[in-house]
Amino acid sequence: MTPERWQKIRDVLCDALEVAPEQRSSFLDGACIADSDFRSEVESLLSSQGKVSSSFLQSPPITSTTLTPGTRLGPYNISSLLGVGGMGEVYRAHDSKLGRDVALKVLSSKTAADPNRLKRFQREARAVAALNHPHIVTIYSVEETRGTHFLTMELVDGIALDHLIPKGGMPLETIFEIAIPTAEALAAAHEKSIVHRDLKPANIMVDKKRRVKVLDFGLAKVGCMNPDGIDNPASPEWAGAPDLRPETHTQAGSIMGTLPYMSPEQLRGQPVAPRSDLFSFGAVLYEMTVGQPPFSGETSTGFISSVLQSSPRPVTELRTDVPFGLQKILDSCLAKNPHDRYASAHDLLEAIEELRHEITLGQNAITTGRVVQDSVAVLPFINMSADPENEFFADGITEEIINALARIEQLHVAARSSAFSFKGKQTDLRIIGERLKVRSVLTGSVRRSEGRLRITAQLENVADGYQLWSERYDRDVKDVFAIQDEIARSIVDRLKVTLEEKRLGPLAKVRTKSLEAYQLYVKGRALLSRRGSAIPRALECFKHAVTLDTEYALAWAGLADSYTLLDFYALARPEAGGQKGKDAAQRAMILDPSLAEAHSAMGCACLLYDLRFADAEREYLLALELNPRNVQARGQYAFFYLQLAVGRLDEGIAQAALALESDPLSGYANALVGMTYFNAGRYSEALPAFDRALELDPDSFLASYFRCCTLHFSGHFEDAVARGEELLTMSGRQTGTMALLASIFMDWGKPSEADAIYTELTARALREYVPPSYLVIAAHALGLQEEALAQARHAMEIRDPCRHLMFSKYFPYGARLHTHARFGAFLRGAGFE
Amino acid sequence: MTGLSSKSVSQLLAKWKDGDQEALRELVPLVYAELRRLAHYYLQGENPGHTLESTALVHEAYLRLADRMPLQVQNRAHFFAVASHLMRQILVDYARRRRRAKRGGGCKLILDEAAFRPGGRNVDLVALNSALNELSRLDGQQVQIVELRFFGGLSIPETARMLGISPATVKRHWTSARIWLHRELSRTSHP
Numbered sequence: 020m021t022p023e024r025w026q027k028i029r030d031v032l033c034d035a036l037e038v039a040p041e042q043r044s045s046f047l048d049g050a051c052i053a054d055s056d057f058r059s060e061v062e063s064l065l066s067s068q069g070k071v072s073s074s075f076l077q078s079p080p081i082t083s084t085t086l087t088p089g090t091r092l093g094p095y096n097i098s099s100l101l102g103v104g105g106m107g108e109v110y111r112a113h114d115s116k117l118g119r120d121v122a123l124k125v126l127s128s129k130t131a132a133d134p135n136r137l138k139r140f141q142r143e144a145r146a147v148a149a150l151n152h153p154h155i156v157t158i159y160s161v162e163e164t165r166g167t168h169f170l171t172m173e174l175v176d177g178i179a180l181d182h183l184i185p186k187g188g189m190p191l192e193t194i195f196e197i198a199i200p201t202a203e204a205l206a207a208a209h210e211k212s213i214v215h216r217d218l219k220p221a222n223i224m225v226d227k228k229r230r231v232k233v234l235d236f237g238l239a240k241v242g243c244m245n246p247d248g249i250d251n252p253a254s255p256e257w258a259g260a261p262d263l264r265p266e267t268h269t270q271a272g273s274i275m276g277t278l279p280y281m282s283p284e285q286l287r288g289q290p291v292a293p294r295s296d297l298f299s300f301g302a303v304l305y306e307m308t309v310g311q312p313p314f315s316g317e318t319s320t321g322f323i324s325s326v327l328q329s330s331p332r333p334v335t336e337l338r339t340d341v342p343f344g345l346q347k348i349l350d351s352c353l354a355k356n357p358h359d360r361y362a363s364a365h366d367l368l369e370a371i372e373e374l375r376h377e378i379t380l381g382q383n384a385i386t387t388g389r390v391v392q393d394s395v396a397v398l399p400f401i402n403m404s405a406d407p408e409n410e411f412f413a414d415g416i417t418e419e420i421i422n423a424l425a426r427i428e429q430l431h432v433a434a435r436s437s438a439f440s441f442k443g444k445q446t447d448l449r450i451i452g453e454r455l456k457v458r459s460v461l462t463g464s465v466r467r468s469e470g471r472l473r474i475t476a477q478l479e480n481v482a483d484g485y486q487l488w489s490e491r492y493d494r495d496v497k498d499v500f501a502i503q504d505e506i507a508r509s510i511v512d513r514l515k516v517t518l519e520e521k522r523l524g525p526l527a528k529v530r531t532k533s534l535e536a537y538q539l540y541v542k543g544r545a546l547l548s549r550r551g552s553a554i555p556r557a558l559e560c561f562k563h564a565v566t567l568d569t570e571y572a573l574a575w576a577g578l579a580d581s582y583t584l585l586d587f588y589a590l591a592r593p594e595a596g597g598q599k600g601k602d603a604a605q606r607a608m609i610l611d612p613s614l615a616e617a618h619s620a621m622g623c624a625c626l627l628y629d630l631r632f633a634d635a636e637r638e639y640l641l642a643l644e645l646n647p648r649n650v651q652a653r654g655q656y657a658f659f660y661l662q663l664a665v666g667r668l669d670e671g672i673a674q675a676a677l678a679l680e681s682d683p684l685s686g687y688a689n690a691l692v693g694m695t696y697f698n699a700g701r702y703s704e705a706l707p708a709f710d711r712a713l714e715l716d717p718d719s720f721l722a723s724y725f726r727c728c729t730l731h732f733s734g735h736f737e738d739a740v741a742r743g744e745e746l747l748t749m750s751g752r753q754t755g756t757m758a759l760l761a762s763i764f765m766d767w768g769k770p771s772e773a774d775a776i777y778t779e780l781t782a783r784a785l786r787e788y789v790p791p792s793y794l795v796i797a798a799h800a801l802g803l804q805e806e807a808l809a810q811a812r813h814a815m816e817i818r819d820p821c822r823h824l825m826f827s828k829y830f831p832y833g834a835r836l837h838t839h840a841r842f843g844a845f846l847r848g849a850g851f852e
Numbered sequence: 202m203t204g205l206s207s208k209s210v211s212q213l214l215a216k217w218k219d220g221d222q223e224a225l226r227e228l229v230p231l232v233y234a235e236l237r238r239l240a241h242y243y244l245q246g247e248n249p250g251h252t253l254e255s256t257a258l259v260h261e262a263y264l265r266l267a268d269r270m271p272l273q274v275q276n277r278a279h280f281f282a283v284a285s286h287l288m289r290q291i292l293v294d295y296a297r298r299r300r301r302a303k304r305g306g307g308c309k310l311i312l313d314e315a316a317f318r319p320g321g322r323n324v325d326l327v328a329l330n331s332a333l334n335e336l337s338r339l340d341g342q343q344v345q346i347v348e349l350r351f352f353g354g355l356s357i358p359e360t361a362r363m364l365g366i367s368p369a370t371v372k373r374h375w376t377s378a379r380i381w382l383h384r385e386l387s388r389t390s391h392p
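One line per chain: the protein sequences are S and P, in this order.
Per the working numbering, the first sequence starts with residue 20, numbered consecutively.
Per the working numbering, the second sequence starts with residue 202, numbered consecutively.
Each statement offered as a hint is correct.
Computed list of lysine to any residue pairs in SDA-like fashion (alpha-carbon distance at most 25 Å, straight line):
{"hint": "1", "chain 1": "S", "residue 1": "Lys70", "chain 2": "P", "residue 2": "Ser331"}
{"hint": "2", "chain 1": "P", "residue 1": "Lys372", "chain 2": "S", "residue 2": "Ala50"}
{"hint": "3", "chain 1": "P", "residue 1": "Lys372", "chain 2": "S", "residue 2": "Asp30"}
{"hint": "4", "chain 1": "S", "residue 1": "Lys186", "chain 2": "P", "residue 2": "Asp325"}
{"hint": "5", "chain 1": "S", "residue 1": "Lys27", "chain 2": "P", "residue 2": "Pro368"}
{"hint": "6", "chain 1": "S", "residue 1": "Lys70", "chain 2": "P", "residue 2": "Thr376"}
{"hint": "7", "chain 1": "S", "residue 1": "Lys27", "chain 2": "P", "residue 2": "Arg384"}
{"hint": "8", "chain 1": "P", "residue 1": "Lys372", "chain 2": "S", "residue 2": "Gln26"}
{"hint": "9", "chain 1": "S", "residue 1": "Lys27", "chain 2": "P", "residue 2": "Ser387"}
{"hint": "10", "chain 1": "S", "residue 1": "Lys27", "chain 2": "P", "residue 2": "Asp340"}
{"hint": "11", "chain 1": "P", "residue 1": "Lys372", "chain 2": "S", "residue 2": "Leu47"}
{"hint": "12", "chain 1": "S", "residue 1": "Lys70", "chain 2": "P", "residue 2": "Ala328"}
{"hint": "13", "chain 1": "P", "residue 1": "Lys372", "chain 2": "S", "residue 2": "Pro22"}
{"hint": "14", "chain 1": "S", "residue 1": "Lys70", "chain 2": "P", "residue 2": "Asp325"}
Ranges of calculated distance between the beta carbons of each label pair, as one might list FRET restraints:
{"hint": "15", "chain 1": "P", "residue 1": "Thr376", "chain 2": "S", "residue 2": "Glu23", "range": "13 to 21 Å"}
{"hint": "16", "chain 1": "S", "residue 1": "Asp340", "chain 2": "P", "residue 2": "Thr376", "range": "51 to 59 Å"}
{"hint": "17", "chain 1": "S", "residue 1": "Asp340", "chain 2": "P", "residue 2": "Glu335", "range": "45 to 53 Å"}
{"hint": "18", "chain 1": "P", "residue 1": "Arg297", "chain 2": "S", "residue 2": "Ala741", "range": "48 to 56 Å"}
Hints in this document: simulated from the structure, not taken from any laboratory.
All values derive from a computational prediction rather than experimental measurement.
Cβ atoms here follow ideal geometry from the backbone N, Cα and C, with glycine treated the same way.
Input sequences plus hints: build the corresponding full structure.
Below you can see the structure in the form of structure tokens.
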């Protein structure tokens, strides 16, 4: 075609358009004068005209931004544009009042101009703002300044899930890492009757530390400014539905926007309910698994009928390593009828967690190649005596039997604190067997009166409740050690475990001849495991025990632990670099070189007081060789040595997992898992571990303390402060917790609160011992570098054992010190690499 | 609203030149906003203030993109013609990269998909670009009208004043161009 010919065609076309459609044919008869090619060209264009939608090329392919960098909006200083979406523009801004960066979402003028929509939007935003959940992007405020309506929210420095899903899907573990927090977010929102309405990969953010945050709860649909969808009074929920105009017959067969994740009821324009989110969740989960959404279609109509009618191809067909359980979850989520889906996001969450648990168990069984071996749990013997002091005595007997049996390699024995979690509870034998993963259970009772001792014991098979063995001992109290050994022997006998030659000696060692020393030791251990203010009392018990029997190795080891813990918990000023603790550990080692407890106590002292890493490693490894099930030794090795001393973060996590495996129901082991995750910056994994720890042991100081740290570093300042304050009350204003709070307040942009805490801390340091390492953390947070440095020097001088934790480059608080040039240099000089 | 800070814009331009596609994501809406602002002032016959900076911005962006000699802006109409054409090039370039990224299986997008609004989002910009190239062989002014209207965001009266022709003519050219382009696009996407 030539330009001239086009000009003519164009003129005729435009004239024809002015004419009513039914008269066009006769108009063309006159205009085209016997040029049939000319006429067919005009007719082709005219027929094309009918297909041109009114919006074609009418709105520009980009939006102009309302705000430019440097603009001030109230206290907010706009720094840059983050994105433009249906709801309006999102900027990064600095809140000069609170001193933090926020995401600032400016409402589209269309939404802002309509009072009803605006009101609805604001109401919804306020409801979401009331949600406080680690996996929901927090809305800080809904505001209006000089006619501009906007909301401010938590700034998430991350990448949306839609950019993270590779072609063939994600690794299973990653799927769980994202799906579980997402389901948690939905469950929390649904509980407050907030439905997301637009869950899709683009609304799920994953930050650099792999934390998951769900965006735009409830807002997307209300705030959307699609001109075709808004304010349809017949179905308010339909407002802002995706563009269903004919030209959504799209390029390259792709459907833009949110269609692939919408539930059938949403596509039909019916009201949405929480279960609609479950469908969208299923669609996202499907895409994470196989790399493509469950439904497809060349056009939007084709796509919609696919959602309404067809079942997506099972993921198990598309990918071989997917467990059938995942398909079951998808089937339920993607059910066409909402009533066929999970009843709630909570149920969905449980199903996913259970599946993950099953998979982990399966993998453990494979990796450790564990053959089903003989296994036993010794439940706490019941104290039948009138005197409650005998409780310790009964517990001590239980513990001794556990220790005796634990020496037998072929026998798996449930660890002490896991077994003790059933203390005082009437729990079905089968449940105990299942939770402790044992085939048999030993139960018993102890009655002690006037020098006489009556012990009963029975061994039962978990599977059928069959009694394998039972016995009653009625002896002199002095015979307690002999009885313990007899019980252990009978069990070995019944379970037909073959003993090695060298083990033929007594199983339960007679460790002291003094019954009183033994009782003190048992009581001391129980007190020590409570930590905190129980430590000084434990110390007294051990001290007394070793005066009664100076050759009592176990009591010396207990004494060593008490001295070190006393200093670490800052209950006393550390004296002479922990010499007392080291001496006690040394004494225990000489008396009984095979005592794991003695080596781990020595390892701990080497590390905390002297930063002697190589010595500490040797002692810990020796302790673990002597008793691989010593959870304390493994925990200290994982946290103090592998992570804090040498920065082997992943190995620390693996060791913590091993500790948990041998003692799954112990609060300590669960807290330990969380602590190792925290150091590695894996906050979303740390939090559930702390939750489990606190469930098992609500008084666990470690779990509470590190949970607070985790909330702090994952940006949940308000929550972190609330927990920190609880912890202060619980611990009698423990100074380490105060330092922690000062640091949180600073990050939260509340310097005056931080200042008040620091003032209290320094005032207390005048009256009582406050570990200088804590003062360093607080002073550094407040920017008082000189004071921080002075305290750091002091900490080195007195060999403050807390410095091993607080100054470590691999402890997130310590890492902050290392980033400071002068401080970093000082710490390197002091041996903190 | 303040005008553009030349510092942040030149930083963005420099970053973009160094291959930081995030910079383009921030740049495009800024350039566009500035165009709209200038258009408004020009048409009201007012002094837009930051003209120099804005013009410099458009020049520099144009240079980066088109790799040509510095262009002399002759008048307002020319400025807008250049700016709208620039927007077209930036956006088409973006669409191409995006398509490549998708084909390559990579998932890092250059410009946020959300930056493309309804209406625009349903148009295949690469195909539109080829169709516009075709159309330019038939009528250069019609292409200019499409660029000013669609990429520059000008209204029909604004376009008419820029080009010094009557609104009625703009309307006729615009309508016929849309029909022609739509037919071209449906041909390419449904062979």
